[in-house]
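Those protein sequences? They're chains A and B, same order as listed.
Its first residue numbered 214, the first sequence is counted upward by one per residue in the working numbering.
Its first residue numbered 214, the second sequence is counted upward by one per residue in the working numbering.
Simulated from the structure, these hints should not be mistaken for lab results.
You may find that some hints are simply not true.
The list cannot tell twin chains apart, which means a pair is met if one copy fits it or any two copies do.
To be verified - EDC-like cross-link-like pairs, simulated, lysine to aspartate or glutamate; straight-line CA separation at most 20 angstroms: (1) K233 to E305; (2) K233 to D300; (3) K233 to E222; (4) K233 to D218.
There are 2 protein chains.
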Amino acid sequence: MSAIDSLIEALQVLPGVGPKSAQRMALHLLLRQRQGGVALGAALQAAMRDVRQCAVCRNLTEHEVCGICRDERRDDSLLCVVESPADVLAIEQAGGFRGRYFVLNGRLSPLEGIGPEELGMDQLEARIEDLKPDEVILATNPTVEGEATAHYVTQLIGGRVQRISRIAHGVPLGGEIEYTDGGTLAHALQGRRSIGHDLG
Amino acid sequence: MSAIDSLIEALQVLPGVGPKSAQRMALHLLLRQRQGGVALGAALQAAMRDVRQCAVCRNLTEHEVCGICRDERRDDSLLCVVESPADVLAIEQAGGFRGRYFVLNGRLSPLEGIGPEELGMDQLEARIEDLKPDEVILATNPTVEGEATAHYVTQLIGGRVQRISRIAHGVPLGGEIEYTDGGTLAHALQGRRSIGHDLG
Chain A
214 MSAIDSLIEA LQVLPGVGPK SAQRMALHLL LRQRQGGVAL GAALQAAMRD
264 VRQCAVCRNL TEHEVCGICR DERRDDSLLC VVESPADVLA IEQAGGFRGR
314 YFVLNGRLSP LEGIGPEELG MDQLEARIED LKPDEVILAT NPTVEGEATA
364 HYVTQLIGGR VQRISRIAHG VPLGGEIEYT DGGTLAHALQ GRRSIGHDLG
Chain B
214 MSAIDSLIEA LQVLPGVGPK SAQRMALHLL LRQRQGGVAL GAALQAAMRD
264 VRQCAVCRNL TEHEVCGICR DERRDDSLLC VVESPADVLA IEQAGGFRGR
314 YFVLNGRLSP LEGIGPEELG MDQLEARIED LKPDEVILAT NPTVEGEATA
364 HYVTQLIGGR VQRISRIAHG VPLGGEIEYT DGGTLAHALQ GRRSIGHDLG
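Please put together the full structure from these sequences, using the hints given.
Below, the structure written as structure tokens:
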């Protein structure tokens with residue numbers, strides 16, 4: 214196989230990239246972005262070789278312990294449990310949260326054979342033992358599996374943490390009530406908060 | 214910068230890939246496709262290092278002369294002139310054409326400073342001198358620049374080739390006349406061909 218065909222085939226491991234867009238990508242790099250292609254090749258080699266799970270929080274990192282776990286300015290009283298490293302990135306990019314994380318790298322799914330061991334529940338218990346946070350925030354996804362996982366974690370650590378909370382579900386900012394699905398609206402109404410003073 | 218951030222940044226050289234999809238790609242490779250990621254890195258390094266222009270037809274290849282130019286079973290009597298290596302791939306994948314190619318790697322565009330030298334017109338003349346094809350097929354795109362380029366090539370080589378042709382423009386297979394634009398329809402009508410016997 215020629216070097217170009219090999220590249221077109223290799224590009225198809227990327228999510229959402231089929232033969233046609235792989236071909237477009239390969240030609241784009243070869244004709245207009247040689248430097249970028251070389252840099253991408255090097256970045257891939259380095260990341261695939263070095264990146265692993267943080268020994269403390271199970272997030273992705275090229276170190277033994279990740280940057281967030283090593284950062285002494287983070288708030289030890291808050292521990293946020295998420296399903297995936299992508300959730301950590303999203304919450305960090307949103308800003309505002311300065312606590313610690315624990316990454317399950319999955320959600321409970323008996324059908325797929327994903328149980329408590331695969332999600333590192335032992336490690337989560339040890340982490341809570343060690344960190345002694347005031348509050349554990351369960352930020353799993355609002356799906357059936359995500360809710361089941363949140364429920365399981367609650368059962369597991371209840372009694373050992375002062376407060377366990379679940380992130381709010383409701384109408385997203387910029388969303389329109391008219392086009393919001395019923396389940397979300399029900400959550401938004403149930404989770405309503407008073408503004409200003411309540412009389413009486 | 215961490216290895217993951219470097220990878221996310223490097224992925225954005227790919228066409229149509231912004232920060233969000235670069236992040237999704239990076240995490241997909243790291244969490245589910247390590248082997249594929251390693252292979253992609255190696256394929257990129259090899260292709261960026263080895264692939265260059267064919268000395269004969271200006272197509273992309275990792276050899277001095279490309280596979281099509283080296284293939285002795287190809288038909289020397291037909292030379293197809295295209296704008297880019299992507300066009301060669303498309304025509305090869307369509308099947309049916311067994312002649313030779315010449316790749317301009319661009320189209321005449323005075324505004325972008327692309328003139329006859331950039332398109333290898335000297336090389337095209339030399340190629341025609343050498344190959345002595347019966348017919349040169351101009352398969353540049355049906356755009357203003359593509360038509361201007363076809364016109365320029367016609368002026369340049371006219372008189373030295375028995376036949377110069379232009380690929381047909383018309384309603385694409387599977388297309389609907391109702392939804393075909395006016396320019397294409399005009400071309401389709403002008404380029405009509407008789408079927409069966411004309412009477413008289």
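**OP:** May I ask which of the numbered hints given earlier this structure violates, with the numbers listed in increasing order?
**Re:** none
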